[in-house]
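> Make the full structure from the sequences, and use the hints.
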Amino acid sequence: MTTDADKQRYDDSLIGTLIGRTFPHADAETLDLMTEWMACNLLLDDVFDESEARADPVRLREMCDEVVSWLRVDGGEVAHSGSSFARAYADIWARTCTKSSVAWRTKFVAHFSLFLGRCVHEAANRRDDRTPGVAEYIELRSCALMPYLDLLELAQGWELPTEGPCTADDFSELDASLSAASLWMNDLFSCEKEYNLGDVHNLVVVLKKERETDLQTAADTASEMIQTKIDDFERQSEDLLTGEIAALPDPALRSAAADRVEFLRSWLSGQFEWRFETKRNQGSNVRLVAGSAMRT
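Going by full-length UniProt numbering, 103 is the number at position 103 of the sequence shown; the sequence numbering is gapless.
Worth flagging that the hints you see were computed from the coordinates, not collected in a lab. Where a beta carbon is used, it is the ideal one built from N, C-alpha and C, also for glycine. Hints may be right or wrong, so weigh each one.
What the hints assert, rightly or not - No more than 30 Å apart at the CA atoms, straight line, and that leaves these computed lysine-lysine pairs for BS3-like:
1) 279 - 193
2) 279 - 229
3) 209 - 193
4) 229 - 209
5) 209 - 279
What the hints assert, rightly or not - Ranges of calculated distance between the beta carbons of each label pair, as one might list FRET restraints:
6) 133 - 94: 40 to 46 Å
7) 127 - 239: 41 to 47 Å
8) 74 - 228: 39 to 45 Å
9) 74 - 134: 38 to 44 Å
10) 87 - 165: 36 to 42 Å
11) 74 - 16: 29 to 35 Å
12) 46 - 276: 16 to 22 Å
13) 106 - 79: 18 to 24 Å
14) 128 - 83: 28 to 34 Å
15) 215 - 87: 38 to 44 Å
If you want it as structure tokens, here you go:
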């Protein structure tokens, strides 16, 4: 952030409020780390979506590869360009490594790489003036929350086992419902901004295109889809708590698994409340100039 406007926009985003709501049980040190992860990722996402690289998949691929190079699974020191982004990611990654296993770091980097690959795919669509279909978009979008679900493990202080009960597979349906509800909710709140920018990577926008309807009707459809996923999440979480988790013989494992469900619930409710407070996705302060987004 190099200008007062950038700093004001960051403050208006209320990222600290978001983290406080979504990780209410984390300690102060972990909250600081989660806040910095969220801040760096949102700023990086803005660079990808609102700079000239937004329609240059080759350039964006180079940028993404550089970001991944800062996240060494072994936790070793990385030689980087010294840019503000590189310094920030190197710092939060070093602190993350002190709280995580190699297995967790391997998983996180893989999930973060999937997210970055999605950004490159979107850049190719913009270059080609191509709008994905609804099914393709949903599949493309689905990986975006994976890194945050990984970070949730750090906030809880419990990494999902890689074998036995309570592995990632046991939570896969619940995680998928949470992911869809959260990501599509973001699309609903940001659809005005992205529609004004001509960005097609939004559930409401692709629904409008595929079903040949107006934006409000598409938004209403998206709202119904979100509610269905929220209902699925609530049903699945109760089924897990009263079924598989309740039947676990190990009380420590049973408690950790139940806590994870509560952390997921906090994420869903916390980010929903935050979206009514943040000014991050206001559509009225964004316009497209020479292929790049400009804030007014």
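> Is it true that residue 106 and residue 79 lie within 18 to 24 Å of each other by Cβ?
At roughly 21 Å between Cβ atoms, residue 79 and residue 106 fall inside 18 to 24 Å, so the hint holds.
> Is it true that the C-beta distance of residue 46 to residue 276 lies inside 16 to 22 Å, as the hint says?
21 Å, holds
> Using the C-beta atoms of residue 74 and residue 228, is the stated range 39 to 45 Å upheld?
Given about 42 Å between the Cβ atoms, the range holds.
> Hey, residue 279 versus residue 229, does the alpha-carbon distance stay inside 30 Å?
With a Cα-Cα distance of about 25 Å, the restraint between residue 279 and residue 229 holds, given a limit of 30 Å.
> Honestly, do residue 74 and residue 16 meet the 29 to 35 Å range at C-beta?
31 Å, holds
> Within 30 Å, alpha carbon to alpha carbon, are residue 209 and residue 279?
26 Å, holds
> If you draw a straight line from the CA of residue 279 to the CA of residue 193, is it 30 Å or shorter?
Between residue 279 and residue 193 the Cα gap is close to 11 Å, so the pair holds against 30 Å.
> Starting from the hint 28 to 34 Å, judge whether the C-beta atoms of residue 128 and residue 83 obey it.
Between residue 128 and residue 83, where Cβ atoms are some 29 Å apart, the hint holds.
> Hey, residue 209 versus residue 193, does the alpha-carbon distance stay inside 30 Å?
16 Å, holds
> Determine whether the Cβ-Cβ distance between residue 127 and residue 239 falls within the hinted range of 41 to 47 Å.
Distance hint for residue 127, residue 239 holds at roughly 44 Å.
> Just tell me: holds or violated, for the beta carbon distance of residue 215 and residue 87 against 38 to 44 Å?
40 Å, holds
> Between the beta carbons of residue 87 and residue 165, is the distance compatible with 36 to 42 Å?
41 Å, holds
Every hint, counting from the list given before, is met by this structure.
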